[in-house]
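One letter stands for each residue in the lines below.
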Amino acid sequence: MRIGYYPGCAITTGSSSEEYGTSVLRVSQVIGPELEEIHDWNCCGASSAHATNHKLSTALSIRNISLAEKYGFKEILAPCPMCSQRLIISQKDVADDEKLKKEVEDAIEMPCNSGVKILNYLELIKNYCMDDIAKNLKKTPKDLKIASYYGCLLVRPPKVLQFDDPEDPKSMDEIVKAIGAKPVEWEFKTNCCGGGFTLSRTDVVLKLTNDILEGAVEAGADAIAVACPMCHANLDMRQKKIEKEYNRKFNIPIVYISELIGLALDLGAISLGLNKHFVETESVVNAFS
Amino acid sequence: MSKKIGVFVCHCGTNISATVDVEKVAEEAKKKNPGVTYTTTHKYMCSDPGQKLLRDKIKEEGLTGIVVAACSPKMHERTFRNAAIKTGLNPYHVEISNIREQCSWVHKDKAVGTTKSIDLVRMMTEKTRKDKSLKPIKVHVTKRALVIGGGIAGIQAALDIADGGNEVILVEREASIGGHMAQLSETFPTLDCSQCIMTPKMVEVAQHENIKLYTWSEIEAVGGYLGNFDIKIRKKARSVDLDLCTGCSSCWQVCPSKKIKSEFDMGLGNRTAIYVPFPQAIPSKPVIDRENCLLFKDARKKNIPPNDSKVCRKCIDACPIAPVKAIDYSQEDEIVEEKVGAIVVATGYRELEDGLYGEYGGGKYKDVITGLQFERLASASGPTDGMIKRPSDGKEPEIIVFIQCVGSRDPSKGCSYCSKTCCMYTAKHTMLYKHKVHHGHAYVFYIDIRCAGKSYEEFAQRAIEEEGATYLRGRVSRVYQKGDKLVVLGADTLTGSVVEIEAEMVVLASAMKAQDDAGEFARKLSIQYDKDMFFSEIHPKLKPVESSSAGIFLAGTCQGPKDIPEAVAQAGAAASKVLALLSSDELEREPVVARVDRQLPPVFSTCIGCFYCQKVCPYSAIEQEDIKARDGSVIKTVARVNEGLCQGCGLCAATCRSKSIELAGFNDEQIYAEINAVEFN
Amino acid sequence: MKIKISLNESSSDFAKEVEERSGIKVRECYQCGKCTAGCPVAYEMDYMPNQIIRFVQIGAKREALTSRTIWLCASCITCTTRCPKEVKIAELMDVLREMSLEEGLANPLEKNITTFHKSFLNSIKKHGRISELWMLNEYKMKRPKTALQDLVVAPQLISKGKLSFLPHDIKGKDVIKRIFEKCE
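Protein chains in written order, with this note's numbering: chain A, 1 to 289; chain B, 290 to 970; chain C, 971 to 1154.
Bound conformation, chain A alone:
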């Protein structure tokens, strides 16, 4: 089985969140379906497009779906939730609006019939990899407590995305359990981290992420698992600044769920990109030894 791979800009090699892409691809070499990059994909436009130009946002997203269709993919994996959310919303928007569909087809110079299913990373694991994980499990961590942090884009808007429970999602916790770590119960699973404001309104991001980090620490988590490059950047790259701003110490590793799976499969920390984090991930890596 082959699934179209749409990495999106943030997680490709040479980008700020490349370790997410690296670990997703590394894990896919061992478990789950074969991932095949969609040739010549383009940026989905992310917040900047949907916040300022709905038609542009839709066209940029739909071009990728149409490409996938052209290359015969039935399903696409978009590990970045910004991408998966934009793709799914755009798909629905053109399905609901004949006029918009015509305009988009005209713009992207391709038909868009939208029969392709878009998967986020948790969905891919849940749908195709749970048995493989059980079969290939090499290392289980000793008493590693993980706060699963889903953020906004995986679950909202629920009517369109139709993935997991928007108020108390469980899919990532189940993966955490499957690799032998312990999910913690906490209240900030789907709180917003400030997303795209990391450069433009860093102050907002610092406040929101401080609340999230505090919540995870209070719940007793040793690390926070994420499946979103923006969440990761705000919690990991900005963690020093949060600590400085609020005059406290968190020092809590922020790891991608794909990295955790990789560690459980004994794939080697460096091959998963765990050396590229801002907050040291050693404690997590060591828990698996």
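These are calculated hints, taken from the structure and not from any lab test. For clarity, every value in this text was computed on a predicted model and none was experimentally measured. C-beta atoms are modelled at their ideal positions from N, C-alpha and C, and glycine is treated no differently. Be careful, since some hints might not be right.
[Said to hold, decoys possible] Partial pick of chain C residues on the chain B-facing surface, computed with a CB cut under 7 angstroms:
hint, residue
1, 973
2, 976
3, 997
4, 1024
5, 1032
6, 1081
7, 1082
Position chains B and C against the provided structure of chain A, taking the given hints into account.
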């Protein structure tokens, strides 16, 4: 033979036993209270096993007096007295000592609660020792009912009672029945035409063989009591003979006084001096408005009998009835008397008067109108044939502003309550407006949108979502005229902004007020009313249609603001109470009534005839009786209690200076015995 | 603030415009405030999210389009998710931002945000994908005051190989350019 008294102390689950040591109360009663021969406690005295225990012990122990220490007598006095009846014991030897509401619920300290309960039980034991057997009073029932008010509530009550097989006297003070509902255009939340659903009921009243209808008539006096009311009805001079008149319209067509403001159209349309208030009126026969008729004006001015005036006799000349004309200028008010067994009061409401809100210019600016006026504008039978035209120049308003809570929820204007219907009728008004003026803009200023009826919330939301009415949250401070526009100064507290609208018409959702003469009328019927002059029900939850006087029931807006379905439901409830009351030939009443003493000659009575009792009696139950010698000469005039009217409140007995009045079951001896039983430490 | 309504300045047109453009039923909002209650950025906003809807409802176009709120909305969609009347509030913010830009009413106090969006889209327009370094460069040139805070992390990003110096152009970048032209 001295009484053998049994004391039964109830735990009421833990309601009583948590703060009262019930075992100790029982023990103490037996130990210290004279006459007590048996005591026990029970978890729930009111339960079947509890009642059985009471019955069994009356027989086994030969008890002749019972004290149940439990909840308020309002709750279960009847339960325990009925239990006693089954054993053959006269129920008035059963007394309740309230150790729950007046003791366990208000005390936290168990020692205090227990001591007080012991006292309370001892007091009641002392009273019970002096209880006498009493017999219920039997009252004859006149199987007819009076319904006062011919609006939707009165009509519904009259029809329900009449359908139940009883004769109904329906009295309406206007020239036609129909009330306010007949004035409405469409009704919420279904938007069906008010007259279309109202007129069939009006016709049914007219055709019903059990209903005797008095229109243009008022209640002059109400005497008597439950089952036997004596009613005096003033038939106001209509100047038209209802039997002769065919309602042919010849008279009002020729009437020269054509510019009299129509009450039915809320002053927005005109009528003649001899008129039928609206086309579907019941009866569809005219009345002469003597204030405005040229002939009557002339007669008053010249101080001559109306028949002698020659100023204008066009209506009588046009009347085609022969040989005797249906119009009769010399008709005078007539008092008729009717006997009924029960009364339903359904006298309705009035709309808040213009002018109370100077800041809105009501009554000053022609284009500031009230809710009922808007109903008339929107009504197909109204002065504009249902077109929304402003009164000043007939222009169709393109911007219309509705102001809610005008007079409601406004303590500064003496009206703290919510009129309950305005949120819904304003939503309806915006819809009617948008249906008629498609390009128009409707704005509503509101404080809250209160739509707590079936399908009501959806209706109001429809006005906003589908009909496009713009709701602004805030009261309006002022409305003033600027050219041909009305400037409305309001606020939208949701955005924190001042809102200024140049409107072309303003509609005030005016409060529902009690009728102007509600207080006077209530006194006529000896029923109570609240601070807003709406008639009071005895219990807001469990007796919502019963007035404070037995046999008088309440229906519709005279009891408080309500909408049509609620008024109809209440009318049905009142009718069912009346039907239950009229279903038997005789009524049994509690014998707890006052009695003025009577003695052998030459004293006859210790009553000194001061009649203070008469002044304090809230039920008009005290009458004056002449004690006459054989030759018919009056020896003395003394008080007498009408047992049918007396509610046993005891005010007369407490007021009586010569101790001539005794309240059965609560005589002075008993009250003193209770007081003396308290151990004062 | 004062809102004037007369025959010349009718309020319902703006609501209608927004509803027609977006399909979002703005009138269905009954102002319960749940969106505001759950908004993570509300504390920074000049008007609460429900007030923005209110502006649209009552035709206060300028107030809505010049607000900082529409730019501060992080598109987390918590509001839409929990709205009892299913009003798409987050999506409404998108429409208002779009209209605000079209009418040149974007609040200058949130220029960081608008500039970021512009730099971001320029990068896509040029290369078809985001080249973070080039995008950052453009943004920081335009908003130099924000540069300082990121001076700390930029070298680390570079040293971790996370900021590529060479922008990657996609093959279909001409199509992308045409998409921009057709949609702008």
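Outcome of the hint check:
1. 973: holds (5 angstroms)
2. 976: holds (4 angstroms)
3. 997: Residue 997/C check passes; min Cβ-Cβ to chain B is 5 angstroms, inside 7 angstroms.
4. 1024: This interface hint holds because 5 angstroms falls under the 7 angstroms limit.
5. 1032: violated (12 angstroms)
6. 1081: violated (25 angstroms)
7. 1082: violated (26 angstroms)
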